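K.L.:
The primary structure of each chain is shown beneath.
Number of protein chains: 4
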Amino acid sequence: MTSVVQSRDTERDALGERFRAVRSLTDRLTAPLSPEDQTAQSMPDASPTTWHRAHTTWFYEQFVCGPEHVPFDPSFSYLFNSYYEAVGPRHPRAERGLVTRPGVDGVGRYRQHVDAAVAALLEAGPTERQRELLLLGTHHEQQHQELLVMDVKHLLSRHPFGPALLLRPEEDDPEPAPLSWLPVEGGLHEVGADGRGFRWDNEGPRHTVYLEPCEVASRTVTVGEWLAFMADDGYARSELWLSDGWQRVQAEGWRSPEYWEQVDGDWRVFTTAGVRPLRRGEPACHVSFYEADAYARWAGARLPTEQEWEVAAAGRTGTGQLLDPDRLHPGLAGDQVLGDVWEWTASAYLPYPGFRPAEGAVGEYNGKFMSDQHVLRGASCATPAGHERTTYRNFYAGGARWAFSGLRLAR
Amino acid sequence: MTSVVQSRDTERDALGERFRAVRSLTDRLTAPLSPEDQTAQSMPDASPTTWHRAHTTWFYEQFVCGPEHVPFDPSFSYLFNSYYEAVGPRHPRAERGLVTRPGVDGVGRYRQHVDAAVAALLEAGPTERQRELLLLGTHHEQQHQELLVMDVKHLLSRHPFGPALLLRPEEDDPEPAPLSWLPVEGGLHEVGADGRGFRWDNEGPRHTVYLEPCEVASRTVTVGEWLAFMADDGYARSELWLSDGWQRVQAEGWRSPEYWEQVDGDWRVFTTAGVRPLRRGEPACHVSFYEADAYARWAGARLPTEQEWEVAAAGRTGTGQLLDPDRLHPGLAGDQVLGDVWEWTASAYLPYPGFRPAEGAVGEYNGKFMSDQHVLRGASCATPAGHERTTYRNFYAGGARWAFSGLRLAR
Amino acid sequence: MTSVVQSRDTERDALGERFRAVRSLTDRLTAPLSPEDQTAQSMPDASPTTWHRAHTTWFYEQFVCGPEHVPFDPSFSYLFNSYYEAVGPRHPRAERGLVTRPGVDGVGRYRQHVDAAVAALLEAGPTERQRELLLLGTHHEQQHQELLVMDVKHLLSRHPFGPALLLRPEEDDPEPAPLSWLPVEGGLHEVGADGRGFRWDNEGPRHTVYLEPCEVASRTVTVGEWLAFMADDGYARSELWLSDGWQRVQAEGWRSPEYWEQVDGDWRVFTTAGVRPLRRGEPACHVSFYEADAYARWAGARLPTEQEWEVAAAGRTGTGQLLDPDRLHPGLAGDQVLGDVWEWTASAYLPYPGFRPAEGAVGEYNGKFMSDQHVLRGASCATPAGHERTTYRNFYAGGARWAFSGLRLAR
Amino acid sequence: MTSVVQSRDTERDALGERFRAVRSLTDRLTAPLSPEDQTAQSMPDASPTTWHRAHTTWFYEQFVCGPEHVPFDPSFSYLFNSYYEAVGPRHPRAERGLVTRPGVDGVGRYRQHVDAAVAALLEAGPTERQRELLLLGTHHEQQHQELLVMDVKHLLSRHPFGPALLLRPEEDDPEPAPLSWLPVEGGLHEVGADGRGFRWDNEGPRHTVYLEPCEVASRTVTVGEWLAFMADDGYARSELWLSDGWQRVQAEGWRSPEYWEQVDGDWRVFTTAGVRPLRRGEPACHVSFYEADAYARWAGARLPTEQEWEVAAAGRTGTGQLLDPDRLHPGLAGDQVLGDVWEWTASAYLPYPGFRPAEGAVGEYNGKFMSDQHVLRGASCATPAGHERTTYRNFYAGGARWAFSGLRLAR
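Protein chains in written order, with the working numbering: chain A, 1 to 411; chain B, 412 to 822; chain C, 823 to 1233; chain D, 1234 to 1644.
Don't read these hints as lab results, they were simulated from the structure.
As the structure is a prediction and not an experimental result, all values here were calculated from the model.
Each hint should be verified, as a subset may be incorrect.
[What the hints assert, rightly or not] Subject to a maximum C-alpha distance of 20 Å in a straight line, what follows is the list of computed EDC-like cross-link-like pairs (lysine to aspartate or glutamate):
#1 Lys-779/B x Asp-612/B
#2 Lys-1190/C x Glu-1472/D
#3 Lys-1601/D x Glu-1403/D
#4 Lys-779/B x Glu-239/A
#5 Lys-1601/D x Asp-1066/C
Isolated chain A, as found in the complex:
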């Protein structure tokens, strides 16, 4: 009996610790940003930093704090709900940049208010459901940490002079690890998350798939390899591209990954530390699904399906660059499975066999986006440590480029 109580105390402590660590990291990420930086919205897909800070806070207030909790401000449910239709109407996404009030300081007070309420709840002893939702809330906030980094980078890139957010020394550019091909055996495999540890609803249920034998690359495609694709007119040869991709190439004038720019003939890249020379050994990053698919076709290979990716990753270890507030940029391509860049797969984002969304409004989190999106696997240099795992199913539209997204080949 005592050990059970102790175990619960330990768990509660662990949950509280996790909560505080996540909250603290958000503060750490936003510390270098002025109120002006935190207000602007650079495209409808991106959100202002204040919005991320407030929305993640609203999630706890809405779903974790009990009915006796007094909301900090009743209007915040309208302002900072993202897409939970069940919770009520919400402010249009594309106009988040016009919400200048409550502002950075007001949102700071909101965060403190809810932090205190959660601390009190943890002290008083939350219900099991509250514990589940609090854990969910921390993972939700971690997801938004990655989005926040993506969105801030995008915003700064739209400034005519691309200001640097960080100081970071120049880095040398050693040769990347040689590429080898890892076999995936044909036949039946189990994929998806089992019941242990946290996972989103979309990662389950664990189920059986039949795979043809194939090989998956030991590392991601590098900047140097991408330059070869460009040099071989990759962006100008329609036969390499999906039809939708070719339309985007023409309509948007793509001729390199996002954030690359040609200065006096040399390609350079905008980073959160300013514009810098390319490092050929880094993973190619900020490419869309369409570019990844075209590259793979050019290379005589293809993208792995998410099942192939997961099976190939299963026996491997090693994590590359995850979220480091002082870096916010991929490291070198190597043998790691998780980290540096998300990896586009050939799979559409669809429910696993037997998928059931989570109960209640939080069940709107994943399932309703299961159409016309593409799965990415792995994790990136904007993914907070503790949020990465091999069953994770990230997803974006095929033309999205502002995520830290690259690719790994299969054949």
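With chain A's structure known, arrange chains B, C and D on it following the hints.
P.N.:
Below, chains B, C and D without anything else, positioned relative to chain A:
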């Protein structure tokens, strides 16, 4: 030796017969259309009838007739190429309605010219590759016959008074066949086209899949059932919809299938025979993937994957309403597997394992559309007889409604 | 008494003759156009030929034929009303190209029906108001004859191969008449139409204006002069342009008048007789107000106001090229005041002091367009003879280029 | 000699005093705005507060400070140029809200830097041209003070809860002054600015016009009168509207002036002091030209031309509410000529006879906007004192509603 020659003659006769029958059906379909009807383009996704008539003809001239063939008009390659990038530049799709020359008569002469050239080729003895491409060309023209019917129906519907194209007697509306559930066994199954008979490249290779056990409905969802969905506020309940679908509902004001209209409280439907009362026993038709998906969720079921659909269809026979120029409308929902309406599946349109596009420019036909589209199976009342088969993979974007598209449930 | 009756008979004959002549000219203009040509609509500002043919006919049926007239088809009031809000709802302008029924033949029968009704009315003796409205209707149809020519030319130009409508021999290109400057005296002048002869409501009332002394050019700006403007980087120098004009230059990539194209370094022009060499002595044509204004600034001059234009024109005679169905193209720039090209003025299209719209629904004809439009004076090679006069106030938006529009300088 | 020096000193002092007062007022207006408020841009026509603060400063640096002046930051010429093409490329207007750097504090330092430079210049003795341009710069900044108020009000109105910027007591609503009609004599009048005192280039040259006799209302149209227009279905009767206006009514759903909202049947108005009851005695405000024109037609009157307005105003005195940072809202409609609301006229914004733009890049200020705009006369509660005069020609597009714009009738 003789029998081989005879066999080849027979085959040649059969191919020639097929060619003539397909060409004749196109003429039959367009006979009731005035030059004005054949010229207008009602939306970028649709094409004028003259364009369909000319484009299908261009396909033979471009791919079947040999290098010694004198093109009817060299400019037609520009005007009537659809999306074969490898063949050269082409006229923008959205402006096909402005191409008033060569006009209906000019296209008629073009058709005769190419018909004569193909007849001469058949007489002279085509190569094996020419025979393959000619067969391909007839299937290509059959596909465009279905598009032609869809596009003409859409055009007429945009006329303020929705003119009738056909005379068709009013029909009674008996009860549909009762719904039963057909089991699909769990385990390994083979799907995809084997080498026998014509098939598009996207139907192969035949390959193994692992399925969980499930049940598939014995017939499609009916108009009567769809009315129950509407009466239960199906179009107003966000929780039933995919996020992309809900956006479309709101942006486009969907509250019924396409072509339905409410007159004095009663729902009626625009058909090629004019506006008519609904028949409750017909399959629900002209619904988008998003609507089909929402309906299935409302019904406590789901859409089948294309693999489930194909396995369930494998052992069954029976064809419903296929293309009949005097009808152009679904019959009643029954036990048929093929016909009446295409059926949305839960599957994204992706390459099968080991897929390779066909060689040459005709290889642009299918593979390059394999992103952000949804698979439909079956066939419809606009599919010409001889073009339907259970391995056929039709595909449209999730919001498309102008195809004769319905759904079948699974669970 | 007798002479009065005779005079009325003569007037009636004259009106009947005018009606028949106008109707006949419309038929003459549309004779070379196929049903396909008559159906397509190349932009929202343009209308299909069938629409012009039907709308001008509807005008007589709606406003001239008495209440006992049986409409040919009650639905035509919806289909072929243009902008008379008072008459009831109407079909959206941008979708006129989708109205494939009643078609060319149906509209032909409609025209015959109304022609017969008007003939019967003329025989029976129309009221004075009916006579006025019939005269108005013929001027209305003449206006649409010019629009019809503009719209057909625009449609053909959108065909990828710009088909020729007419056969017309090549013409030589003599030097234009030398330019001289005609003085306009300062002080008070009378402008606007007096009560004699037909005029639109917007041409009156005649009124007094005070003008500063100025000079107006004796002829319009020529193609040769326009080439000098282009050679002097006229389309690339922002300081020559109004702000709205400069935006259009950049957004639409203007670098020459509409319908010009550069082939192997030489500028050529699309005409209704096909693509041809420029004639340096023709008036520059198919330029927008913004281009005309920029040209004038480049030339160290300005556009005349419409009052200056009218005073300068008052004492002059001479008509250039008016509508000739076998030509449809300007002649050479000379001393003519009316014909060849409309001439942009510096004036906004606003009501004259004391302006009152005509009574009834026909009063919607002019007044409600009196904002954000620019006045053109003169007449063009698409203006039917008998429709031109020096008090005529034509008007288009500043960016319109599909009218036969040029300019004359003032200083 | 001495007196001349003294006079120059006095002038210099007056100019310096004016400069300091204008700069100070900008600071006063922006004091209640947070960095977030100063960053956001609510529509392409509006600009962020930081941009106004920086752009007005840039004007002095660019045009007044001499060649030896060291720019605060060379990049600011790109960031804060508005539309002076001659000065070089500039940042796109619609993306001003993404320029989060240099931010509020950085712009504050910029302002101090330039203030010091101007002070030093004034001390050292500027050239006559520098004095002219400095005076021009202060008027330019006053113009932007009005825009700043308009833009901030618009931004706050887009916040879902329309926050109040100011505290302002509720006000009672006495009857407005009775309306009388002031005669304008027919015949020749002189209009436009003479050489005395500051004026924009567009206000001259002074010139003669001939006017028909007319009458101009003694006061502006009031809120109470506007309610009568609404109650009489003014927004639903097409015959009252210009064609362009009627399109806007339908496309944008106008049914009241901008910033009005109906709450439980009562109309209320958003102001910088929050949402408040209407005051029937205030001038109707935030109406477009199209609404003003429709109202006048409904009232059986018309808008005055700008010449009529100016002649009618010439003999009158009295200024209403001008810019007061604690109020930012019109007072009551009365006999004042200048203040409270700008007044739409019937005149298009066109050059006066003999108009010549100012020399150099500053000459881009007015002339290049002389097309497709409508003249407003008077001044508003957002116009700084010292910037109002009866010859002032303000102008906006016909659909603009975010200016403090009303109307006065003529007949």
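K.L.:
Does Asp-1066/C sit within 20 Å of Lys-1601/D, going by the straight-line distance between their CA atoms?
P.N.:
It holds: about 8 Å lies between the C-alpha atoms, which stays within 20 Å.
K.L.:
Going straight from one Cα to the other, do Lys-779/B and Asp-612/B come out at no more than 20 Å?
P.N.:
holds, 12 Å
K.L.:
Does Glu-1472/D sit within 20 Å of Lys-1190/C, going by the straight-line distance between their CA atoms?
P.N.:
Within the cut-off at roughly 9 Å; holds.
K.L.:
Within 20 Å, alpha carbon to alpha carbon, are Lys-779/B and Glu-239/A?
P.N.:
Holds, at about 9 Å.
K.L.:
Are the Cα positions of Lys-1601/D and Glu-1403/D separated by 20 Å at most?
P.N.:
Status violated; Cα separation ~43 Å.
Hint compliance for this structure: hint 3 alone is broken.
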